[in-house]
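Enquirer: Each chain, written out:
2 protein chains.
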Amino acid sequence: MAVKLDVLLPCKNTVLKGGLLADRAAVVREKMIPYQWKALNDLLPDGEPSHAIENLRIAAGEKTGEFKGMVFQDSDVAKWLEAVAYSLATHPDPQLEATADEVIDLVARAQQPDGYLNSYYTIVDPENRWTNLAENHELYCAGHFIEAAVAYYEATGKDKLLQVVCKLVEHIDSIFGPEEGKKKGYPGHEEIELALIRLYRVTRDERHLRLAQFFVEERGKQPNYFEEEARARGPQRSPNWGLFGLDYNQAHLQVREQTTVEGHAVRAMYLFSAVADLAQETGDPQLLQVSKTLWDNMVSRRMYITGGIGSQAHGEGFTIDYDLPSSRAYAETCAAIGLFFWGHRLLQLEPDNRYADEMERALYNGILSGMSWEGDRFFYVNPLEVDPAVCRARHDHRHVKATRQGWFACACCPPNLARLLTSLHHYIYSCGPQGLFVHFFADSAVEFPAAGKKVGLRQTTDYPWDGRVQLDLDLEGEAPFSLHVRLPGWCRQVEVKVNGEVLSDLAGHTHRGYLVLTRTWRAGDRVELDLAMPVEKVYAHPKVREAAGRIALQRGPVIYCLEEVDNGPDLHSLLLAREPRFQVAREPELGVPAISAQGFRLEAAGSQLYTTEKPRRTAVTIKAIPYFAWDNRRPGAMLVWMRAEGEG
Amino acid sequence: MAVKLDVLLPCKNTVLKGGLLADRAAVVREKMIPYQWKALNDLLPDGEPSHAIENLRIAAGEKTGEFKGMVFQDSDVAKWLEAVAYSLATHPDPQLEATADEVIDLVARAQQPDGYLNSYYTIVDPENRWTNLAENHELYCAGHFIEAAVAYYEATGKDKLLQVVCKLVEHIDSIFGPEEGKKKGYPGHEEIELALIRLYRVTRDERHLRLAQFFVEERGKQPNYFEEEARARGPQRSPNWGLFGLDYNQAHLQVREQTTVEGHAVRAMYLFSAVADLAQETGDPQLLQVSKTLWDNMVSRRMYITGGIGSQAHGEGFTIDYDLPSSRAYAETCAAIGLFFWGHRLLQLEPDNRYADEMERALYNGILSGMSWEGDRFFYVNPLEVDPAVCRARHDHRHVKATRQGWFACACCPPNLARLLTSLHHYIYSCGPQGLFVHFFADSAVEFPAAGKKVGLRQTTDYPWDGRVQLDLDLEGEAPFSLHVRLPGWCRQVEVKVNGEVLSDLAGHTHRGYLVLTRTWRAGDRVELDLAMPVEKVYAHPKVREAAGRIALQRGPVIYCLEEVDNGPDLHSLLLAREPRFQVAREPELGVPAISAQGFRLEAAGSQLYTTEKPRRTAVTIKAIPYFAWDNRRPGAMLVWMRAEGEG
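If you're matching them up, the sequences are chains U and Z in order. So the first sequence is numbered by this note's numbering: it starts at 1 and just counts up by one. So the second sequence is numbered by this note's numbering: it starts at 1001 and just counts up by one.
Only chain U is shown next, with the shape it has when bound in the complex (with noise of 0.2 Å):
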């Protein structure tokens, strides 16, 4: 039974101009995307060599050499070529264009002649194609050429590679679907079924709406195609068979069964953000509710406050309700962009500040946490904890680097950081038949449509270190039109004036965590939100056991840590004093506010291990500077969830 959504379209003319967000982007484009090009190209003189270009030329039949790398590395360029797109469209610059079209020329020489796109099996084993679905990747990599053609196609009008990824796309329509004599198998890395409803949205073929929904539709059917595929292949080909449930690969249930957030967290996330696009386009409301109910138990029981996802190492993904070990976190930066890809999804297709919220919190923390302030070191783990020493001599924190990394030889996370943040002022605002939606907070400037005319919206903010922001309209004439501005759920005092003049009934203007104002505007309409931005000590569940009797330091969306540049080694000695005076001042190194307060440091009473004599305690300052921020000095130790007097 579908029914039409009252479904809201991104506004994608948006302009960051200033603040930490503008900030990001232009480090991407200035330095993470030049220094991704040449870690493509193996010229890096430190981190783990990448060969993906090569590989390219090696399947074009260009050079000759062995395929290097993940059997995925070719998503590698894809992703970069998709960030590219997205900085072009904002920020022309013919040089890095031409760079892409050559890129583009040696993918399309990389095709096979009936469409076939994957370097890894066109060098080492074309002859078994199609064959290890769930492992090897194939259809993963092609879901993200896929996303490149569509942002490239976007950004710049050329589509060759759009032509080349329909090829592609034809391609795997004549292996896999509904149809008799094809295969009815589905991607183990779940990505195409996203990248298909991109690519449908843009050519409105339904046969790519299909394919996606059949990928959908078809994951975790009995008898399962994994299991099945790989005794087809026997055990010598399938040596790492087993080593994970189905749930992996979120194949232990169809979708429509699934109501807990299981297995690999970056498949997940792909998955669930299809199975909301596909929602949106069919209008199925069965499909909503599951992306709905699932959405609930990870944000519920199953994320760190960073926006992190993956609890543990093996298998990179979920564990089980309340598992949420700071240290051993897995919460890859590519699963909290891919949080953040599913959240804007039901976003759009229900307005709620609770999709809103906790996409500002992954952005915020564990995603902008994924790069140096430099942008040319990275974290793929984002632990709550480090204490490098530990890293070292734990063999289960083996998965986690105390400082960021130069390049890694599975390189998902970079690319990803890459294209989210060159494309970050699509996600500030939608547009629907009410008028517009102010999802997030940027100094940024919009253009919509309302009422027939086009309306300029001009935010301007410190956000996230200040909480006041100014919306001012631009129009001829006037517009009867809703402007919904969304009320963060971790702010607890809102002052709201709409020229100058204080709204007094907030509740009444609110709905689903967004305020409603609905008039007739008129240019120099100007809306001011103040949104009180204390310094506030949160709490977990107290299920969550590492965080039990603990705090954790958060200004606006903005989770703090202590760093041992600042308040020396063992962090688990600190103690937050009872009623702290905050004081937020900028942390000269790092231009940021940080946060300081009164606390003490715990001192054995003697050298013995244990003693019925309590610590003896120092008053000293505490001093936490934002989470996303840490590793940007000298490495040490890293403390979220802190210890807290009173708190116990």
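Where hints are given, some of them may not hold.
As the list claims (entries may be wrong) - Restricting the straight-line Cα-Cα distance to at most 25 Å, the calculated cross-link-like pairs of lysine to aspartate or glutamate (DMTMM-like) are:
1. Z:Lys1401 with U:Asp247
2. U:Lys623 with Z:Glu1127
3. Z:Lys1623 with U:Glu546
4. Z:Lys1614 with U:Glu579
5. Z:Lys1614 with U:Glu97
6. U:Lys614 with Z:Asp1205
7. Z:Lys1623 with Z:Glu1579
8. Z:Lys1614 with U:Glu613
9. U:Lys63 with U:Glu97
10. U:Lys614 with Z:Glu1579
11. Z:Lys1183 with Z:Glu1127
12. Z:Lys1614 with U:Glu645
13. U:Lys614 with Z:Asp1296
14. Z:Lys1537 with U:Asp321
15. Z:Lys1160 with Z:Asp1205
16. Z:Lys1401 with U:Glu546
17. Z:Lys1031 with Z:Glu1589
18. Z:Lys1623 with U:Glu613
19. Z:Lys1614 with U:Asp321
20. Z:Lys1167 with Z:Glu1228
21. U:Lys537 with Z:Glu1603
22. U:Lys401 with Z:Asp1321
23. U:Lys537 with Z:Glu1613
Hints are computed from structural coordinates only; laboratory data are not their basis. The model shown is predicted, which means the values in this text are computed figures rather than measured ones.
Keeping the supplied structure of chain U fixed, place chain Z upon it in accordance with the hints.
Expert: Relative to the frame of chain U, chain Z by itself:
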């Protein structure tokens, strides 16, 4: 520079009369030894198969078949024989002795004509004896056969096994040693060193002592023997070599250069026990100092409050100072037993409660926890915190069993428990030229020589549940000697009476944590101790991250824990009240004292995972039971380090 150490000797003619230790020893005799005999013969309905007796039959040429089990499977038989020997010494049992004699005959038949004895190499790889000392445990198994032979000889006077091992040692001595042409190797898993010294004490054959010395002193020399050996075998025959560092085998430095306990905890304990033995036999002060330095490092930085050691599963060993995670502890039962062995040796060299206190800590906590109340279920790993759901879900907890097991593929711990608990009476008292030392409190009787007389001492107590201890002397006439009675470090208030009169100057009568009463003793003399045994809140050193802000409950030497069966799930949500009134009462199902106190259960203010609202508190009664007795009722969660109001 050898100096004569004023060494104590354990009083073996001790009888345990009653109380917890006698009860545990009885369970071993009556249930565990027969149960383990079934295990060794694969007659158990559940648990991992052993095949250990069958291996010996095959090695003896009396059966055909394959070797099964670990390369050190023989040692399970040897340790069982050793336990049987101790059992026969105190509780003659002709049927059990006949069975043991048959096993010894079998071992003798499995011995090769040249003296070699090891069923794995004899069956599987006779050409490659002594080519993989690092990993393959030939010398380790020899060590356990030697210990069994000495114990059996001392218990029964029968020397068949002693002859077998003397022939084996002769063979080993022909292979290893400082002489030209002999291998310069030493065991990957230490054990033979301490066994050879034990053998030497019976045989007084200097070669036995010199071989032990050689193995201890050769370890860690450069170039490293294990590395050379692996190189000689080649990569094909060294598939697992390099998984661990040389510190895993305590071979990273020569023993005399070592200052921190490193690597596999059981191996370290056996090596350092041998180092202390060598210090005793040779009077080498440097060896004593090395042993003491290592002991101090361990007990002040690398030991759980239960006496468990080994902070991670990888390498089953030590990590770094203060790294003592509760739920991912290794804390192998064998390692705590090894700590007890080592401490005992230091205690004889230098009577001081700092050794006996930690031995007692291990015994009443991390050792006794290794067996079920009924003696037929075992923990290999003894965590300080268990949540069964976490153990199932988390790969980094896969070594942690949430409930005791029937048997193990690697079954070192159950027979180690058996041999320790059947010989516990050896550890209670020591004699020296100065007189008697009472190291431990247990309802027992001992006879010892003093001033040319035979003196009897009867110790009456319900320790560890009650701190009152009564010592009654019996002798003909009178004898001047010193009675040394340990004053446990856990005890903060002691009252001593001699013949009913309170000893006022306790400090003046205390030396290295022992009460020293020097006088002319007569029959009927009575010494009474009243060791105050309130429930204590114990703190860990603030650098122990996972105990930060938490307390453990201790009463006497016994560490307590919370179990789900008493307190419900989510033990981290419990908070002990600020000034709790502790009540101690017999736990009806377990028959041991339980502690009750006021506390709170924290409950989330709402369903949000993260919130500025403090969790709500509901008053509850918290109940704790002795740690060693957990998992004897219904399976569930367990926690040692609990939260406590005001301890932040």
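Enquirer: So, for every hint listed, does it hold in this structure?
Expert: Hints and how they fare:
no. : hint                     : in the structure
1   : Z:Lys1401 with U:Asp247  : holds, 23 Å
2   : U:Lys623 with Z:Glu1127  : violated, 65 Å
3   : Z:Lys1623 with U:Glu546  : holds, 22 Å
4   : Z:Lys1614 with U:Glu579  : holds, 14 Å
5   : Z:Lys1614 with U:Glu97   : violated, 53 Å
6   : U:Lys614 with Z:Asp1205  : violated, 53 Å
7   : Z:Lys1623 with Z:Glu1579 : holds, 15 Å
8   : Z:Lys1614 with U:Glu613  : violated, 29 Å
9   : U:Lys63 with U:Glu97     : holds, 24 Å
10  : U:Lys614 with Z:Glu1579  : holds, 14 Å
11  : Z:Lys1183 with Z:Glu1127 : holds, 16 Å
12  : Z:Lys1614 with U:Glu645  : holds, 13 Å
13  : U:Lys614 with Z:Asp1296  : holds, 22 Å
14  : Z:Lys1537 with U:Asp321  : violated, 31 Å
15  : Z:Lys1160 with Z:Asp1205 : holds, 17 Å
16  : Z:Lys1401 with U:Glu546  : holds, 20 Å
17  : Z:Lys1031 with Z:Glu1589 : holds, 20 Å
18  : Z:Lys1623 with U:Glu613  : holds, 23 Å
19  : Z:Lys1614 with U:Asp321  : holds, 20 Å
20  : Z:Lys1167 with Z:Glu1228 : violated, 28 Å
21  : U:Lys537 with Z:Glu1603  : holds, 17 Å
22  : U:Lys401 with Z:Asp1321  : holds, 20 Å
23  : U:Lys537 with Z:Glu1613  : holds, 9 Å
In summary, the numbered hints that this structure violates are 2, 5, 6, 8, 14 and 20.
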